[in-house]
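Q: The chain contents come next:
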Amino acid sequence: MPREIFTFRKKIILTFSYILLIVALVLSSNYLNLNETSQRYLVKALKIPQNFIENISQEFKEYESLKIVELENEIIKLKNDIYESELKVRSLENSKSYNTNITTSKSTKKSYVSAFDQVNYSCCKKHVIYLQAENTSGNQVFSVSQGDFIIGKTKGLVANEFKVRLLSDPEEFISLKNSKNFYCIAQGNGLPQETVCFNESKASTYEIGDTFFSTGFDGIYPKNLIAGKLTKIEIVEGNMFKEKLTIELFFDPYQSIDKGVTLYD
Amino acid sequence: MTDIFRIFRLLLVIVVNYLLLSFNLWKWAPDLFLIQSLLAIVILKEPPGIYYFVFKGFLIDLFFSEISIPYTLTFFIIGLFLKFSKINWIQKSLVEQVTLILLVSYFLNLLLSTVNTYSIENELRFLVNPFINAFVWILIFLNQRKKWLKNI
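Protein chains in written order, with our numbering: chain A, 122 to 386; chain G, 9 to 160.
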């Protein structure tokens with residue numbers, strides 16, 4: 122079949138009509154939040170074969186040695202226990218330097234972590250986990266903590282789950298303070314378990330190892346929740362009085378699956 | 009039937025691309041969608057219509073981009089080029105093909121990095137990937153050229 126030859130006029134009409142189609146597709150996908158929903162369903166769909174492969178390998182191992190499987194399961198359980206105990210110990214340690222009694226007028230409810238977006242956490246600066254949501258509208262914003270430790274805040278519902286943006290996400294801000302009354306606004310820097318804040322005051326009242334707590338000033342996070350520990354102080358290039366403080370967040374999403382969390386209204 | 013197979017193949021590539029992302033190999037891998045499309049173009053006697061490229065790009069964007077622009081726009085340009093160009097794509101010299109692949113890869117990666125926030129580690133892909141794409145294409149071309157060019 123001979124190739125169709127297009128006139129200049131027809132080329133222009135074709136190009137414009139396809140541009141209109143693309144604009145319509147982009148606008149509708151944005152309006153319906155299609156990208157986020159598709160990505161969530163892709164992760165969910167690929168979780169089933171992943172679990173299937175894990176089950177087969179588990180059965181194969183069981184066939185090889187029942188004792189080893191028992192020991193491996195025991196190790197996983199112990200690792201989970203250690204993580205939870207570590208959080209409790211850190212909470213107690215920090216309560217020595219600061220009063221961590223969380224006094225909030227906010228109503229609370231319980232949920233648990235149903236999924237963690239590991240792909241975006243390692244590839245991109247988008248740091249989110251998902252919580253089981255029941256009888257709630259996606260318009261409400263909740264701050265979320267695991268015990269005394271801040272996780273982040275909800276950002277709508279995706280595929281019937283709460284999407285929670287972690288403090289390490291670059292779009293997430295929080296008002297923090299240490300026990301020496303140094304206050305700052307921290308912003309996630311897109312690196313795992315890190316948030317940063319800046320200080321331009323010459324009288325700095327902080328040092329490496331200081332624990333940072335929420336101030337409650339932002340009206341979203343309750344007062345006195347624990348965020349993390351100051352791990353690095355750097356002078357910003359071009360401004361010798363400006364310092365960048367890197368705070369290592371205590372919440373570890375890799376250990377968070379199926380763990381209970383508290384949502385503050 | 010052909011369309012069903014095309015969709016099935018695309019879904020398979022989407023799964024493989026997702027696995028590359030999960031195992032942190034994505035930054036070192038060629039752009040599977042681009043290579044798959046180039047292969048389809050040379051294997052088929054008549055290139056698919058522009059609508060095919062637009063919807064293919066849109067579907068890829070839905071799964072791998074925050075906004076449905078990078079692949080949709082790039083594949084639309086590829087579709088336009090193939091539809092309006094008078095010379096069959098494979099009849100162009102290898103140098104011209106590689107130049108086009110480099111340009112398209114840079115354009116696609118520029119769009120991807122603009123609409124998504126990748127980690128510093130993965131931003132390396134945007135420098136390396138066009139060369140990986142070109143290299144993979146040279147290997148495929150050297151291996152298949154006798155078959156593809158026999159009628160010219």
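Derived from the structure by calculation, the hints contain no laboratory data.
Some hints here could point you the wrong way.
[As the list claims (entries may be wrong)] Straight line, CA to CA, 30 Å or less: simulated DSSO-like cross-link-like pairs of lysine-lysine:
id, chain 1, residue 1, chain 2, residue 2
1, A, Lys132, G, Lys35
2, A, Lys200, A, Lys168
3, G, Lys100, A, Lys131
Q: Now tell me, hint by hint, if it's right for this structure.
A: Hints versus structure:
1. Of the supplied pair hints, the one linking Lys132 of chain A and Lys35 of chain G is violated, its CA atoms being roughly 37 Å apart against a limit of 30 Å.
2. A hinted pair counts as satisfied when its Cα atoms are at most 30 Å apart, and Lys200 of chain A with Lys168 of chain A qualifies at roughly 23 Å.
3. Using a Cα cut-off of 30 Å, the hinted pair Lys100 of chain G and Lys131 of chain A holds, with the two alpha carbons roughly 25 Å apart.
Comparing the model with each numbered hint stated earlier shows that hint 1 is the single one that does not hold.
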